[in-house]
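Peer 1: Sequence:
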Amino acid sequence: VLKEAVRVLDDPCIFEGNPDLKAQISWEILPFLVLTNAAPKCVELQMASCVAETTLLSQHPLTHGWAKGKHSCCFTVHLNEPTTLFKFLSLLWGYNSNLGDQLDCRVSAILQTQALYVGKALLCNQPIKTLNVLASGSSPVVPSLLVCLCSGVCEVRRAAIAVLHSLSGVVSSPYYLLVENLLKSSEEIIADPSYLSQALSKMYEEALLLKDKKKKLASIEQLLQCVQLPCCPSYTCKTLLRALQDVHGEITKPFFTALGDEKIQQKILSVLFDLLVGNKNPACAQAINSVFKVIAVDAELVANELMPVDKQKVTATVQQTRRMPEENVVSWPRVTLILELLQHKKKLRRAQCLVPALFNLLSRCLDPAAAEQENLEYTKQLILSCLLNVCQKLSPDGGPISKDVLEEDTFNVELVVQCVRMSDMPQTHHHALLLLGALAGIFPEKVLHNIMPIFTFMGSNIMRLDDTYSFQVINKTVQAVIPALIKANEGGSAQSEGHMETVVSHIVHVFVDALPHVPEHRRLPILSQLMNTLGPSRFLWVLMLLLFKQHVTQTSVSASGAEKEAVVERDQDFWTSVCCEFEVKEQLTSIIRILQYLMTLPQDKEEETVSDVIFNMEANSGKDLRHFKFLSVSFMAQLLASDRFVGKVADCEDLTESTLQTLHLLEEVLRYIHAVARCVEDNADKPTAKFWRALLSKSYDILDKVNALLPMDSFIMVMRGLMGNQLASVRRKAMELLNNKLQQRTQWITVLLDLIGVLLNIVGRSHGQVTAQEEEELAINRQTALYSLKLLCRNFGSGHQEPFVPVLKKAVELVADKDEEKNVMGSALLCVAEVTSTLKALAIPQLHSLMPAVLDTLKERKDLLNNEIYLLSAVTALQRVSETLPHFISPYLEDTISQVSITKRLTSCPQLSVRLSSLSTTLATKVPPRVLIPTITKCHCTMVNNRLGPLMIILKEHITHMEKDQLNNHQSELTSFFLSALDFRAQHCQGDLNKIGEIEGYVIDCLLVMVMKLSEITFRPLFFKLFDWSKMDGASKNRLLTFYRLADNIANKLKGLFVLFAGQLVKPISELLRQLNISHTDDDDDDDDDNVTKSSLLLQYVLDCLHKIFLYDTQRFLSKERADALLGPLVDQLENMLGGDEIYKTHITKHLVPCIAQFAVALGDDSQWKVLNYQILLKTRHSSPKVRFSALVMLLELASKLRENYMVLLPETIPFLAELMEDECEEVEQQVQKVIHEMETILGEPLQSYF
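Note that the sequence shown covers residues 1 to 1251 in full-length UniProt numbering.
Errors might be hidden in some of the hints.
[Stated by the list, open to error] Derived lysine-lysine pairs resembling DSS-like cross-links, with alpha carbons at most 27 Å apart: (1) K1025 <-> K1037; (2) K1053 <-> K1067; (3) K1186 <-> K1150.
[Claimed, not checked] Cβ pair distances, simulated, as ranges: (4) S138 <-> S168: 15 to 25 Å; (5) Q225 <-> D466: 54 to 64 Å; (6) S290 <-> S194: 17 to 27 Å; (7) I869 <-> K1025: 42 to 52 Å; (8) I844 <-> Q743: 21 to 31 Å; (9) M425 <-> T555: 46 to 56 Å.
If you are wondering where the hints come from, they were derived from the structure by calculation, not from laboratory data.
The structure displayed is predicted, hence computed values, not measured ones.
Using N, Cα and C, we set each Cβ at its ideal position, and we do this for glycine too.
Generate coordinates for the entire structure from the input sequences, incorporating the hints supplied.
Peer 2: What follows is the structure, given as C-alpha cells:
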C-alpha cells in the first residue's frame, strides 16, 4: 500500500505543466525523511526509504542522490547530533518571518506547524543533559520559539506553546523564568499575536518591583545578548526586538549615579538630548523622558547643555552673561526639548546653577532679532516655568533665601516684567506672574520696584479672561506680591507706611478700573480675594469708595435716564455682596472710614482742591462730587439694612465688641449729620439746596439703621439726647427712630415710658415768635411725637394704663381746639383712637369733651372734603371710641349715626369707605337694640332722602346680630318702623323713580333680614299686615308697587314656604292683571309717562312674584278655582301693549312667557293644559302681528316645558300653525317655521305629516 501510494504521488501526470505544485508536493513530503528511530525494520525508516526513492525528491536540491546512497550516509551527515537536528528545526520554525529568500524556498505555516510538532516529539525523548544544552543561552531553540509566538497564525502559536511545555522543566536554562511566565499566559498568547510584547513588558515591570529581581531580569537580558550574537539571523533579531519594544530602563538611577565622572554624565545627557532632537519615534521620546525623570542630575550639567554651542562653562552672574560674544548661536529646538524635560524635574541638585543660564536664554528670547527668526513664546513660557520650579526648590515655603545659596543679582526681575509687557500670549503672562509671585517672597524689595506695571497689565489683560487658570493666576499673584509689599513696610516710618497705602490704593484702583471688563461671575471672587489679602479692616473702605467713584464718573454717565435706577440698584446689590463677604466689625470699620473720608471732602469744587487717588477734585466736576457723596451715603444705608448684613450681625459672637463699634459708628454718623445739617443751612438759598436736604435725609437713614444695631439701653439714652436737640429736624429724626424701634415690639417698657413726658413737651405748642417755615417744621414734629405716643400706648398701654391718661387729655385738648393745625389734629385723633381703646374705662371722664369735639370735626364739611387723611383720622377715632365704650355713647349716638350716613354718601376714598363700614359694623353690633332702634327711627324721620341707605345698612347688620328673643321683643317696634319706611315711595311719588327704587331697595333688604329670622307664626301676621297696608283705603298704586316688589323678594327668599301665604294674593293679582291690561280698559292715565312706568313696574313685579310661586310650588297650589282665576288674565297679557313696543317686548320675553310656562308646569293637568293651549292659540289669530308673534313664542316655551306631554295638544295646534305659515307678516311666518323646527326637536318626531 505504501509503495502504491508513493507511486501515485510520483506520477508525472499530476504536476505536468504546474511547477509550483511540484515544488509544493516536494516540500510537503520532505518532513517524512526526518526520523526519530533508526531501527532497520521500523515503519519510519521504511516510509523514509519509499519517499526518498521518488522522482520528486531525487530532483530536489536538498535530497538529490539520497535514494542511490546508503541509509547510514544520510543519518551521519545531517541528523546525527541533537544540536544539529534542532538547529535545522529552528531554521524551519523561524524562516517564515524572513522577508528574503536566501534558500530559494518557502516555509508555509503548515510546514512550520509540522516542524514544531516534530520538535516537540523529539524533545520529549531527549535526556535531561541534552535538554540543558538545547535550552542554553547559546542554543537558538528558545529564541526561535519566541519568534513563532509572534506568528499571525493561531495554530503556529499553539504548536510553539506545546514545544515550550517540553522545556518547562529545564531549571538550569537562563530562559527558565521567562518560559514559566509565558506558559502562564498561554491562552492570551494563542489568542493574540501581539500579546508577547505585553507579557515581556509586564514581566520586566514586575521584576523591577521584586526584591530578588536579578533572575527574572536575567532572562530578558539573555534575549538581548542573543540578539547581539553574530549567528542570530536578522529576521529573528527583528522579531525579538519588536517583542521587546515595551521593555525600557537600561539607564537607571543607580547606573547614572554610579558614573562618578561628570564628563561621562555630561556626555550621556548630551547624547540623550541629541537623540531626543533627532528621533521622531514617540516611544523613544517617552523613554528618554522617563529616564531623565528618574535620574538625579546636577543642575550645572543641564545648564551647560542650555548654553550656546561653543560655550562650555556657565558664567556666574547676569552681568557676565551679558558680556558673552554675540556670535554664539542657540539651538532653540534642542533648548525647548530640554526645558520641557526640566520644567517639572524634581531630582535636581544645585538648582540655583540654572538661574544664570535661564535668564541668559530669556534675554535672548526677548531680543527682537531672535523673535523675528523664530516664534519663541512657548520657549519663554518654558523658561519662566523652569525658573518658578527653581524658586520652589530653593524656597519651598516661599520665604527669603540666603545669599550663600543665591545672589539677588542673579535674578533679573526686569526681564520677567518685560515678558509680561511685551508678550501678547495669555499663557506667557500667567507664567510670568506666577514667577513674580514667587519672587515677591524671596526678594520683596526687588519686586516692589516693579509692582505697578504688573498690576496695570493684569487689569488690562488677564482679568478679562474667563477661565479658572487665569483666576488662579490672579489669586496667586495677589497672595504672593501684596503681602510682601505690606510686610516690607510694616514697622517703618509713617511716611513709608503712607507711601505703601498710596501704592495699595493704586493697586485697588487698577482692579476697580478693570472690573467692567471682568466676567460677572468672576468679579466677586477676585475682589474678595484682593481684600482678604490686603486686610478688609484696613482697605475695604478704599475699595468701596473707588467703586462709588467709578459709578459716578463712568457707569451712570453711560446709562440713559430710564436705565439709571436699574444700574444703581444692580451696582448696589453687587457692592452689598462684596461687603458681606467680610465680618461685621470689618464692615462697620469701613463705614466709619468712609464717613471720615466724606467729612474731609469740601462742600463744592470751588472751595478748595483735593488731589487724592480716591476722588480727584481736579479731574471731576462739582456735580460728580455731589453724586459721589450721595451714592456713598445711600449705599451705607442700604448695606446696614441688607438681610445679609443683619444676618451676620445676628450671628456675631462678640456682642460687646460689636456694640462698642456700633457706638463709634453712631458718633461718626451724628458728626456727619451735624456737618450736613450745617451745609443745609448754608446752602438754603442756593441751587444745591435740594441736594443737601436729600443728603441729610439719607444720612438720617444711616442713623436709623445704626440705631437698629444698638442695644436698647444705649438706644434710649441716645434718643433722649437727640429729642432735646435744638434743631427741629434732629428732634424729628430721633422720634422717627423711636417709632421704628417701637414697631419692633421691644421689651424695655419702664425706660421707654419715661419718654412720655419728653414727647408731651414736644406735642405742646411753641409760645415764642417763629417763622412760617419753623411753624411748619414744628407741626411735623408734633405729629411725629403724637405718633410716638400712639406706638408707646399700643405696645405698653394695656399693662400700664395710668401713664397714658395725660396723653389722652392732651390729645382731647388738641382736638377741641378749633384753631389747631389740621394735620396735627389728625394725628391727635389717631392718638385718641389708640389711647381710648387701651385705657377703656379710664377714658370715660374724657368722653364729654371728646365726643362733641370729634363730631364737630365731622360736621366741618369743607375741611373734610379737602383733607381725606383728617377725615379718616376722625372716623377712626369715632370707631375706636364706639368699639371700646359702646354703652356710654348713647347721648351722641344719633349724631354719630347721622354723620356716618352723611360721610358715607360723600366719600370716594377706599380707605375711608372701609373705616366707615367698620364704624357702621361697630354701631350695629355693639349698641343694644333698646338704644339703637329708637335712635334709628329718629334718624329716619330727620334724615334727607339720599342718606337713608347707610342707615338701613346699620339696621340690617343690627337685625342680623339680634338674638331671637330680642327680635321678638322688638318686632312690633320694627314693624311700625318698616311700615313707615316702606311708605317712602308713596310719600315721594313725584321724585326720581330710580333714586326712589334704590332707597326702597335698602329698606326691603333690611326687612328681608328680619323676615328670614321670623317663624311661620310670627311672619304670617306681619305679611298680612303689609298686605292690608298696601290696599288700605286711599292707598295709591305706589303702595301696591312697593308691596309686590317686597312680595317678589320674599318669595325668592322663602321659596316653597311663601306658597303657604300666597293664597290670599290670587284674587287681588287676578284683578290687578285685568286693571293693568290696557287692551281691556279705557284708562285715561295712559298718557301720563310716570303712571305708565309705574304700571309697567307693578306688572313686572306681579308676574315675577307669580313665577316664583309657581316655580317653588310643591303643595298643588293651583286648584281649579285659582287656575281659572289666573289663566285668562295671564293669557290676555299677550295683548297688553302697556309702555310701548320696547317695554312690551321685554315684558313678554322676560316676565310673561316664563310665568305662563311655569304656570302650565304647576297646573299638572292635561285638561287645563288644553284650555291654556287653546287660549294661547286663539291669540295667534289676533289682528296685531306682534301679538301673533308673541303667541308663537309662548307656544314654543309651553312645548319646551311640557315636552312629550304636549303631544296631546298637538292636533289642535297644527291648524293654527298652518294658518300662520301663510301669514301676511314675514316675521310671523319665519317664527312659525322656527317653532315647527324646534317642536320637532323637542317632541322627537317630524310634524310635516300633520300638515
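Peer 1: None of the hints should be skipped; say for each whether it holds.
Peer 2: Results of checking the hints against the structure:
As the CA atoms of K1025 and K1037 are separated by approximately 17 Å, the hinted pair is consistent with the 27 Å bound. Distance restraint check for K1053 and K1067: the Cα-Cα separation of roughly 23 Å lies within the 27 Å cut-off, and the hinted pair is therefore satisfied. Annotation: proposed proximity of K1186 to K1150 holds, straight-line Cα distance about 16 Å (limit 27 Å). Roughly 20 Å separates the CB atoms of S138 and S168, a value that falls within the hinted 15 to 25 Å.
Our hint of 54 to 64 Å for Q225 and D466 holds, since their Cβ atoms are close to 59 Å apart. For the hinted restraint 17 to 27 Å between S290 and S194, the CB-CB distance of approximately 22 Å keeps it satisfied. Hint check: I869 to K1025, Cβ distance near 48 Å, so the stated range 42 to 52 Å holds. Judged by the Cβ atoms, the range 21 to 31 Å given for I844 and Q743 holds: they are separated by roughly 29 Å.
The beta-carbon spacing between M425 and T555, approximately 32 Å, falls outside the hinted interval of 46 to 56 Å.
Violated hint: 9 only; the structure is consistent with all others.
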